[in-house]
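Here's the letter readout for the chains.
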Amino acid sequence: GIQVEQSPPDLILQEGANSTLRCNFSDSVNNLQWFHQNPWGQLINLFYIPSGTKQNGRLSATTVATERYSLLYISSSQTTDSGVYFCAADTLTSGTYKYIFGTGTRLKVLA
Amino acid sequence: EPEVTQTPSHQVTQMGQEVILRCVPISNHLYFYWYRQILGQKVEFLVSFYNNEISEKSEIFDDQFSVERPDGSNFTLKIRSTKLEDSAMYFCASSASLNNEQFFGPGTRLTVL
Chain A
1 GIQVEQSPPD LILQEGANST LRCNFSDSVN NLQWFHQNPW GQLINLFYIP
51 SGTKQNGRLS ATTVATERYS LLYISSSQTT DSGVYFCAAD TLTSGTYKYI
101 FGTGTRLKVL A
Chain B
1 EPEVTQTPSH QVTQMGQEVI LRCVPISNHL YFYWYRQILG QKVEFLVSFY
51 NNEISEKSEI FDDQFSVERP DGSNFTLKIR STKLEDSAMY FCASSASLNN
101 EQFFGPGTRL TVL
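Taken in order, these protein sequences are the chains called A and B. So the first sequence is numbered by the working numbering: it starts at 1 and just counts up by one. So the second sequence is numbered by the working numbering: it starts at 1 and just counts up by one.
Please keep in mind that the hints were generated in silico from the structure rather than gathered at the bench. Ideal Cβ positions, reconstructed from N, Cα and C, are used throughout, including at glycine. Do not rely on the hints blindly, as some may be mistaken.
Stated by the list, open to error - Taking lysine-lysine and the BS3-like style, the derived pairs with C-alpha atoms no more than 27 Å apart in a straight line are:
| id | chain 1 | residue 1 | chain 2 | residue 2 |
| --- | --- | --- | --- | --- |
| 1 | B | Lys42 | A | Lys54 |
| 2 | A | Lys54 | A | Lys108 |
| 3 | A | Lys108 | B | Lys42 |
| 4 | B | Lys42 | B | Lys57 |
To be verified - Distance ranges between label pairs, derived from CB positions:
| id | chain 1 | residue 1 | chain 2 | residue 2 | range |
| --- | --- | --- | --- | --- | --- |
| 5 | B | Pro70 | A | Arg22 | 40 to 46 Å |
| 6 | B | Ser58 | A | Tyr73 | 28 to 34 Å |
| 7 | B | Thr5 | A | Gln14 | 33 to 39 Å |
| 8 | A | Ser51 | B | Gln64 | 37 to 43 Å |
| 9 | A | Tyr73 | B | Gly40 | 38 to 44 Å |
| 10 | A | Ala65 | B | Pro8 | 36 to 42 Å |
| 11 | A | Gln14 | B | Ile54 | 45 to 51 Å |
| 12 | B | Ser55 | A | Tyr73 | 42 to 48 Å |
| 13 | A | Arg58 | B | Ser81 | 45 to 51 Å |
| 14 | A | Ile12 | B | Thr76 | 37 to 43 Å |
| 15 | A | Asn38 | B | Gln11 | 17 to 23 Å |
Looking at chain A on its own, in the form it has when it is part of the complex (with noise of 0.2 Å):
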């Protein structure tokens, strides 16, 4: 089945700062979520996006999907921003339309 690798895995960041996170995956995709886990646990959707580019506010995201990855950009980032960011796909090979998820992003925003 398909692989999804994110990448770092930790990253701290002083508030204002900027940062990218990055999402590879194995084989054509044919949904891809990117959540933010709050310290409740909950998993706050962010994008929507298969391929292209969206914009909400100080977040955006961008999937190429012909080279298979996906990238979260984080703008001026605040303390309220810590917490683990995940991805998530499913594809199209296996015929199956389960997400299969990251292991996620634990970013750490310092005030």
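Assemble chain B onto chain A, guided by the hints.
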């Protein structure tokens, strides 16, 4: 904005007891999923459900697990005889079609003592 809801938010149970986790998917969605996340680990797929039957299940989803859509609005996950290793956050999700995003509920934290 419509959302997926889950109850309870936290459930504590004794090993060997049965638990039922409840989810109310978004009303016009047709595809339903359960995922789980053991503390500190990544989110793992358990089962997908469509047209009143299981579409796919993972190796985690053994005979102790079952799912049901009893009344057209609720979607439940039952664990027949809980084990310590079932302690995890369980997420329900739904989608309108196979080419659409999945909407996740807030999760139920299950603690097995």
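Going down the list of hints, with the structure as the test:
{"no.": "1", "hint": "B/Lys42 <-> A/Lys54", "in the structure": "25 Å, holds"}
{"no.": "2", "hint": "A/Lys54 <-> A/Lys108", "in the structure": "24 Å, holds"}
{"no.": "3", "hint": "A/Lys108 <-> B/Lys42", "in the structure": "18 Å, holds"}
{"no.": "4", "hint": "B/Lys42 <-> B/Lys57", "in the structure": "17 Å, holds"}
{"no.": "5", "hint": "B/Pro70 <-> A/Arg22: 40 to 46 Å", "in the structure": "42 Å, holds"}
{"no.": "6", "hint": "B/Ser58 <-> A/Tyr73: 28 to 34 Å", "in the structure": "32 Å, holds"}
{"no.": "7", "hint": "B/Thr5 <-> A/Gln14: 33 to 39 Å", "in the structure": "37 Å, holds"}
{"no.": "8", "hint": "A/Ser51 <-> B/Gln64: 37 to 43 Å", "in the structure": "39 Å, holds"}
{"no.": "9", "hint": "A/Tyr73 <-> B/Gly40: 38 to 44 Å", "in the structure": "26 Å, violated"}
{"no.": "10", "hint": "A/Ala65 <-> B/Pro8: 36 to 42 Å", "in the structure": "39 Å, holds"}
{"no.": "11", "hint": "A/Gln14 <-> B/Ile54: 45 to 51 Å", "in the structure": "48 Å, holds"}
{"no.": "12", "hint": "B/Ser55 <-> A/Tyr73: 42 to 48 Å", "in the structure": "34 Å, violated"}
{"no.": "13", "hint": "A/Arg58 <-> B/Ser81: 45 to 51 Å", "in the structure": "47 Å, holds"}
{"no.": "14", "hint": "A/Ile12 <-> B/Thr76: 37 to 43 Å", "in the structure": "41 Å, holds"}
{"no.": "15", "hint": "A/Asn38 <-> B/Gln11: 17 to 23 Å", "in the structure": "20 Å, holds"}
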